[in-house]
Amino acid sequence: EAGVAQSPRYKIIEKRQSVAFWCNPISGHATLYWYQQILGQGPKLLIQFQNNGVVDDSQLPKDRFSAERLKGVDSTLKIQPAKLEDSAVYLCASSGLAGVFTDTQYFGPGTRLTVL
Amino acid sequence: GENVEQHPSTLSVQEGDSAVIKCTYSDSASNYFPWYKQELGKRPQLIIDIRSNVGEKKDQRIAVTLNKTAKHFSLHITETQPEDSAVYFCAASLSGGYNKLIFGAGTRLAVHP
Numbered sequence: 001e002a003g004v005a006q007s008p009r010y011k012i013i014e015k016r017q018s019v020a021f022w023c024n025p026i027s028g029h030a031t032l033y034w035y036q037q038i039l040g041q042g043p044k045l046l047i048q049f050q051n052n053g054v055v056d057d058s059q060l061p062k063d064r065f066s067a068e069r070l071k072g073v074d075s076t077l078k079i080q081p082a083k084l085e086d087s088a089v090y091l092c093a094s095s096g097l098a099g100v101f102t103d104t105q106y107f108g109p110g111t112r113l114t115v116l
Numbered sequence: 001g002e003n004v005e006q007h008p009s010t011l012s013v014q015e016g017d018s019a020v021i022k023c024t025y026s027d028s029a030s031n032y033f034p035w036y037k038q039e040l041g042k043r044p045q046l047i048i049d050i051r052s053n054v055g056e057k058k059d060q061r062i063a064v065t066l067n068k069t070a071k072h073f074s075l076h077i078t079e080t081q082p083e084d085s086a087v088y089f090c091a092a093s094l095s096g097g098y099n100k101l102i103f104g105a106g107t108r109l110a111v112h113p
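Taken in order, these protein sequences are the chains called A and B. In this text, residue positions in the first sequence follow this note's numbering: the first is 1, and each later residue adds one. In this text, residue positions in the second sequence follow this note's numbering: the first is 1, and each later residue adds one.
Among these hints, one or two may not hold up.
No more than 25 Å apart at the CA atoms, straight line, and that leaves these computed lysine to any residue pairs for SDA-like [what the hints assert, rightly or not]: (1) B:K100 x A:R64; (2) B:K100 x A:V115; (3) A:K11 x A:N24; (4) A:K15 x A:Q80; (5) B:K42 x A:L46; (6) A:K44 x A:D63; (7) B:K22 x B:H7; (8) B:K42 x A:D63; (9) A:K15 x B:G41.
Simulated from the structure, these hints should not be mistaken for lab results.
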């Protein structure tokens with residue numbers, strides 16, 4: 001099966017600019033996750049969707065970050081305005097089998113964001 | 001808040017030796033513990049996972065053990081090979097969350113020929 005797709009793979013912007021990332025999960029997967037991975041750290045969950053509804057966004061900096069998952073498939077994550085500390089790899093993951101409490105999460109290749 | 005501690009942060013072994021990475025978690029209701037391998041510039045990939053109803057699971061050269069009483073779990077890699085060199089992350093599920101994971105900080109494993 002095809003894996004999780006993300007674009008772009010790399011992005012360099014200046015602080016206070018805006019940026020958007022795109023994710024296409026594995027076909028049929030109901031749950032989609034956005035993680036932030038700062039260099040030298042483990043992934044940190046930003047937001048989790050079940051179909052097109054938000055399940056958890058407790059760690060999403062809502063003053064600058066937003067995300068949507070229209071039609072319960074693709075998702076976009078936006079940062080506006082960006083800060084230097086937003087430099088990180090943004091990973092998208094998906095898991096299938098809606099209703100299964102613990103299920104394998106499959107990760108995309110990530111988008112490496114550099115904020116100058 | 002809940003957290004997962006992972007040790008060591010770096011590990012260097014000779015090819016053929018064994019490697020052990022340990023994690024402790026704080027949420028006593030955690031019941032799912034996956035391990036991911038991340039090569040440089042690539043996506044994290046699941047290598048093995050364990051659920052709370054078993055104490056050990058093995059897949060060829062990789063094994064994971066779980067001690068729920070002590071709230072720790074470990075990854076064991078035997079007969080290490082240079083291609084095992086990567087960053088390994090442990091994770092634990094959180095109670096009250098739908099398939100929500102909290103990750104450790106990672107262990108950079110280097111296997112020297």
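Holds or violated: A:K44 to A:D63, with C-alpha atoms at most 25 Å apart: holds (18 Å)
Restraint check for A:K11 with A:N24, where alpha carbons must lie at most 25 Å apart: Judged against 25 Å, a Cα distance of about 18 Å means the pair holds.
When you check the alpha-carbon spacing of B:K22 and B:H7, does it fall within 25 Å? holds (5 Å)
B:K42 and A:D63 were given as a pair; does the straight-line alpha-carbon distance stay at or below 25 Å? At roughly 30 Å apart (the allowed maximum being 25 Å), A:D63 and B:K42 break the hint.
If you draw a straight line from the CA of B:K100 to the CA of A:R64, is it 25 Å or shorter? holds (23 Å)
Check whether the Cα positions of A:K15 and B:G41 lie no farther apart than 25 Å. With Cα atoms ~24 Å apart, A:K15 and B:G41 stay inside 25 Å; holds.
Decide if the proposed pair is consistent with the structure: B:K100 and A:V115, CA atoms, cutoff 25 Å inclusive. violated (28 Å)
If you draw a straight line from the CA of A:K15 to the CA of A:Q80, is it 25 Å or shorter? Holds - the C-alpha atoms of A:Q80 and A:K15 are around 9 Å apart, at most 25 Å.
Holds or violated: B:K42 and A:L46, Cα atoms, limit 25 Å. holds (20 Å)
The structure fails to meet hints 2, 8 from the earlier list, while all remaining hints are met.
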